[in-house]
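Colleague: These protein sequence lines map, in sequence, to chains A and B. For the first sequence, counting from 1, position 563 maps to 562 in numbering that gives the first Met the number 0; every step adds exactly one. For the second sequence, counting from 1, position 9 maps to 8 in numbering that gives the first Met the number 0; every step adds exactly one.
Since the hints were derived computationally from the structure, they do not count as laboratory data. These numbers come from a predicted model, not from an experiment. For each residue, glycine too, the CB sits at the ideal point set by N, CA and C. Among the hints, a few may not be true.
[What the hints assert, rightly or not] Which residues of chain B face chain A? A few of them, derived with a C-beta cut under 8 Å, are: (1) Tyr187; (2) Gln227; (3) Leu228; (4) Glu229; (5) Leu249.
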Amino acid sequence: MLGLGLACFPSWVAANSGTDFFESKIRPLLVEHCYECHSGEKTKGGLSLDTRAGWQKGGHSGAVIVPGKPEESLLIKAVRYQDKELAMPPQKHGGKLSDPKITVLTEWVMQGAPDPRETLAKVGGMKAEEAKNWWAFRALPSPEAKPTSARIDAFLHQQLAAKPVKPAAAADPRTLIRRATYDLTGLPPTPEEVEAFVADRSPEAFAKVVERLLASPQYGVQWGRHWLDVVRYADTAGENTDRPLMHAWRYRNWVFDAFNRDLPYDDFVRWQIAGDIVNAEKADSERSAGIVATGYLAIARRFGHDIDKDMHLTFEDVIDNVGKNFLGLTTGCARCHDHKYDPITAQDYYALYGIFESTRFAFPGCEPKGQPRDMVPLIPTAQAEAMLKPWRERNAKAEAEQKRRAEIASAAQKTLGDAAGKRTRRLAGAQVGEGQSVAFATVAGAALKKITVRKGEILQLTVLPNANHGADSTLVEWNIRETGGAGRVWSVADLVQGLTQQNPHPGRDGAEWCFIEITPKGPVFLTEKGDSINGNSALKKWSLGDTPSVFVNSANQQVMVWTTLEAESFFVHPGPNRPVAVAWVSPLDGEVEIAGRVADVHPAKLDGVAFELHHIAAPDYGAALVSAGRSLRDKAAEIEPAPVIPVAYAVVESKVKNARFQLRGDPEKPGDEVPRRWLSILGGEVVPAEAGSGRRELGNWIAKSPIAARAMVNRIWQWHFGVGLVPSPNDLGARGEKPTHPELLDWLTSQFVASGYSVKAMHRLIMSSAAYQRASATPHTADPDNHLLAHFTRRRLTAEEMRDSLLTVSRQLDPTSAEAHPFPAEASWKFTQHNPFNAFYDTTKRSAYLMVQRQRRHPFLALFDGADPNASTAIRQTTTVPTQALYFINDPFFHAQAGAFAASLMKLPAEDARVVQAYRLLFQRTPTAAERERCQTFLATYPASPPEKWAAYARALLASNEFLHLD
Amino acid sequence: MKPTSIPRRHFLQSTVTGSLLFPGLVQQLLADSADPLAPKAPHFTVKAKHVIFLFMTGGVSHVDTFDPKPELGKGHGKEIKADHPEIKGRPGYERIYLKRPQWEFAKHGQCGTEVSGLFPHIATCVDDIAFVRSMHTSHSNHYNATLGMHTGSFAQSRPSIGSWMTYGLGTLNRNLPGFVVIAPKQTYAGTQVFASDFLPGAHQGTLVVPGAEPVANVAPRVPTARQQLELAALRQMNEEHLATREADPLLAARLRTFETAFGMQMAVPDAFELKQESDATLASYGLQRGQTTGFGWQCLAARRLIERGVRFVELIDTGSSGNWDAHGDMMSHVPLAKNVDQPIAALLRDLKQRGLLEDTLVVWTTEFGRTPFNNTADAKGREHHPWAFSSWLAGGGVKPGIVHGATDDIGLRAVEKPVHAHDFHATILHLMGLEHEKLTYRHAGLDFRLTGVEGANVVKEVLA
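All chains, full assembly: derive it from the sequences and hints.
Modeller: This is the structure in structure tokens:
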């Protein structure tokens with residue numbers, strides 16, 4: 000609605016020359032000189048000058064403008080300083096206006112004071128005209144054909160020259176190559192690289208180093224890790240069980256690869272929002288890379304127990320991150336109400352919401368909804384089909400074979416059934432009412448106390464459906480105890496773990512358990528096993544068809560599915576007209592007693608179940624039943640697992656729909672439908688009717704907006720210098736900080752766009768500036784934050800740089816890229832909110848490949864200010880706490896790296912050579928005479944064996960500020 | 000900032016006297032305003048300087064512990080209706096019936112506050128306690144409610160209450176972390192419950208797992224004499240490095256952390272070494288000599304930590320399984336109550352005897368209560384219940400021997416003077432001299448606070 004006012008604006012300008020005059024001359028003048036005290040909520044002297052109605056109403060001193068009559072207008076008198084009391088603007092707010100400005104104002108009043116400002120237009124939390132002119136939204140200046148870094152220095156010099164701060168000298172080459180190597184790769188330079196650079200006196204020496212580093216695959220890991228900070232990358236979903244994201248690594252590696260290949264930034268944006276769409280028609284590798292790139296959206300944090308119920312929070316997380324990450328705007332703030340400071344409305348929020356709601360996000364699984372699904376295949380359907388077809392054919396044969404054997408077995412069982420019928424004795428039986436529990440003892444006390452069995456005879460518990468459809472979950476507790484002899488006990492409780500190993504299922508001391516259905520044709524073995532039910536792998540089942548007939552909850556806690564299943568319990572589930580039986584084949588000749596109960600645990604307003612206990616007193620029957628069951632299990636008839644189709648944790652298009660507005664951000668209070676469109680302040684284009692979700696369009700809108708390019712250029716600057724030209728990189732709005740060098744930011748951004756959005760071109764430009772190559776220093780008091788960049792800002796290594804450096808000097812680092820984490824196989828997952836996923840995986844690969852969990856922080860990354868896996872980290876903090884020092888004193892990993900480093904030094908025979916080598920590796924310089932001497936003294940006084948002495952010395956070197964900081 | 004050099008004498012002093020509470024070096028650090036953990040003045044003067052936050056994992060039943068409901072007993076088996084989040088659309092829960100409390104309540108102390116038979120020891124301390132019987136919270140899942148009780152946020156990660164506390168007040172002993180969490184297992188929501196989130200990392204809770212090495216990397220890996228040689232060599236390197244870098248305060252600060260860390264190797268084990276405690280003290284906490292686990296150990300360690308100047312100590316009784324989550328059988332409350340009852344009473348008495356209760360705020364809470372109903376009259380357990388539960392406060396600045404607020408006759412709803420988790424937080428901050436609306440941190444362009452945006456009220460009635 001407010002966007003409309005803006006959109007209409009140009010038509011007024013065109014329609015009216017008076018308005019034109021106002022817009023070109025008067026509005027800027029009022030904004031510059033009067034608004035500070037007379038606009039919005041500020042109405043000094045009761046006067047508003049930001050709407051026509053404002054001056055028409057006048058202030059405490061009466062009418063301010065009499066149209067056509069400047070001499071009678073207080074405004075003119077005030078700006079002419081005719082009246083001391085009324086002199087405006089006052090001295091402390093800039094003082095008297097220049098004569099031309101007074102003339103322009105007089106002329107305007109003379110013309111009748113044409114003023115198109117009907118109402119005070121606001122967009123979100125910002126006045127419309129302020130928003131329109133907000134620095135970050137403005138069009139970019141024209142780029143230069145041949146930009147040079149001298150322009151960067153010239154821009155910086157403008158401010159530097161005005162302050163009493165002298166620029167530092169150029170850094171020495173050893174410092175510079177160390178700085179550049181860490182900056183671009185996150186690793187230290189080798190001594191050979193250092194010496195080659197020091198020896199290279201050519202003017203292009205540093206440019207050659209930069210090119211070499213940009214060509215290294217380690218570059219993508221370092222700069223890709225910066226990006227992963229901003230997109231709050233993690234390897235788990237963050238919902239209540241914090242499930243592993245098995246395939247998220249592909250997105251992580253895609254980011255690294257995108258930096259290495261210098262994928263143009265506008266495409267980098269488009270692919271992450273809609274790579275599945277924009278690359279749909281491209282060659283296979285680009286097509287699958289496009290899908291993987293949308294992992295950016297899929298890795299959004301999931302919330303709660305049933306994540307589908309909290310998807311509004313996941314969409315908020317997406318909208319928040321898309322805003323901060325790509326645009327430097329806190330769009331997430333507009334969920335419950337219009338943004339309080341920036342020109343973003345709640346309507347804007349739900350316009351974007353609809354785009355993501357029309358997108359299917361890969362589902363990571365959650366406790367009540369089971370295992371992951373909706374992964375996106377990375378090969379075309381035809382190719383996947385080609386892989387699946389031979390497998391299906393082989394399977395069809397196996398299935399046919401299974402069926403054939405089942406028929407044979409079933410015929411055999413009928414024979415058995417007939418035989419058994421004659422020798423079967425009913426021991427007990429009862430109705431079990433709705434939700435009731437019936438103990439065996441209460442229906443047949445004495446009959447179950449003493450049963451004489453012979454080896455091979457059978458005791459069988461059958462649970463029958465009543466008149467209804469029969470589908471009731473029935474808890475069974477059943478113990479068979481030998482009353483004489485060894486007093487052995489057999490129990491269905493023994494079957495809770497390992498139920499699905501086999502059927503017939505071997506029991507203690509040679510007993511066998513058989514899980515069968517009782518049909519009019521006789522007993523039929525349950526041949527289909529399932530290692531999960533509804534995606535819950537604590538539940539295991541035997542069935543014929545989908546519905547479980549015999550099943551267990553193997554977890555040590557209750558599970559809520561269609562009903563509540565108590566921990567570690569055994570259940571049967573009779574089907575319609577299909578009683579289910581559990582048969583125990585006796586291994587002994589002797590006497591047993593039976594105890595237990597049957598309980599209907601799914602009270603569903605039906606009529607409960609019934610049970611029967613039988614003794615089949617035929618010793619050959621057991622063996623026959625068992626062998627009939629075994630004949631069904633044959634390797635030749637086993638179904639082989641499906642071939643693995645590569646998939647990504649990514650998104651695809653879904654059913655297209657506009658979102659409903661949510662009152663105060665509450666999804667249970669839906670308001671009107673909001674059309675899917677772009678942010679109103681950036682144009683408000685609507686997703687065309689024939690388009691899909693609108694992600695393709697959104698990717699384009701972001702990629703082409705000047706604020707997105709500014710945001711990225713600002714980040715590149717920040718990742719080089721430590722502080723951005725805008726010090727709040729995730730907030731270029733009203734609450735963020737203003738650019739310290741706005742012209743420089745605009746100039747760089749226009750060059751970025753002109754270069755075809757080449758990030759590497761930005762590195763070359765920025766790193767060749769004198770500002771980048773200055774020595775570091777401690778900030779001058781006149782510029783405590785070093786905004787002027789008079790020198791380079793010293794910094795500590797990041798957590799990843801530290802760990803990778805330790806692994807480098809200890810020669811343990813494996814520089815190759817990693818793929819999937821060694822997560823447990825999906826089929827084995829039993830994660831619940833009571834037992835969430837929790838793991839640490841050690842690796843000698845680069846630290847960017849460490850597995851990062853959302854619910855439990857990686858201890859090393861948490862200790863050294865690693866990125867927050869739950870929210871966009873625009874700037875790494877640098878905290879300095881004693882627990883970090885404890886790491887360098889006692890941590891086993893640190894000690895191990897120091898030991899390995901010392902061992903490698905000791906391969907050099909001469910002690911002095913070892914010291915020199917250590918300094919060259921760690922500090923890119925040779926030790927001073929004093930340092931060599933001190934090392935000798937240390938080694939001489941340290942009371943331990945030589946390897947221990949050197950390890951101790953290595954620890955001191957590796958814990959030093961010089962090793963862990965960049966000048 | 001002056002160049003670095005802490006005189007060598009100081010270094011030696013701190014190495015030798017690392018176990019003292021306030022070695023000279025620490026004093027020097029305390030004077031350093033750049034230290035994020037340097038003590039800060041509260042917004043207004045109060046008695047309490049430390050917090051011991053006792054968190055019971057899983058949801059303690061209020062109607063079986065601190066909220067007597069005779070009417071619930073009388074109405075046992077009566078069907079009721081409730082639009083309750085835990086039963087909505089849940090099969091088998093179409094009808095619900097009142098379930099009587101399983102334990103008898105009796106009046107205790109001079110104040111006569113009623114406590115159930117589950118907590119016979121805490122019952123003897125009621126004259127020091129302010130019970131809040133009208134607690135309520137915003138979520139019925141463990142994860143969300145646990146996160147909410149710790150951070151004020153029921154979905155997103157936010158800084159923990161302990162982090163807010165050291166952010167607002169700093170800490171008093173830099174040889175020990177300012178915010179310590181002692182937990183044998185992780186509760187719901189993992190490390191998020193003691194994370195500093197967007198607050199500076201110095202405010203992160205330090206996890207102590209009862210056992211041999213309670214804090215990571217505290218146990219020296221080389222003998223002290225050798226370690227001193229290494230640290231002296233390191234110090235020399237760092238000082239030379241610093242000398243050519245205009246005494247960069249960050250480099251200087253890092254140099255100093257090694258002094259503190261060295262001291263922590265002694266101060267931390269010393270804090271957790273219960274050898275010096277008398278037999279009578281150990282017995283009062285229910286501890287055997289030499290025992291290093293159990294809630295009694297956690298409670299006694301908490302006293303020793305606050306004695307040594309630690310600002311905020313949280314004790315979590317157990318992990319995200321096998322806890323108070325008594326769906327199956329309320330009798331599972333028995334061993335859990337037994338685990339904490341005597342140690343908590345001993346802690347309160349011990350603090351009082353030593354005069355520490357005056358400046359220590361003790362908080363007891365859980366994430367939510369349990370339903371006064373279930374789907375059959377003779378169900379043994381109770382379900383999650385965010386509408387009402389009980390918490391309590393004792394010590395510094397708390398009005399002792401009172402009961403604040405009330406639930407309805409059956410303990411279903413907090414009806415009288417309800418106290419939301421946010422109000423509870425505002426009250427805790429107030430008792431520590433912090434105004435919850437003033438204690439803010441600018442993050443992503445917004446001023447965040449522990450008590451969220453909806454507004455919260457300090458419960459004035461529990462203030463002494």
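Colleague: Flag every earlier hint the structure violates by its number, smallest first.
Modeller: The structure conflicts with hint 2 only, although it agrees with all the remaining ones.
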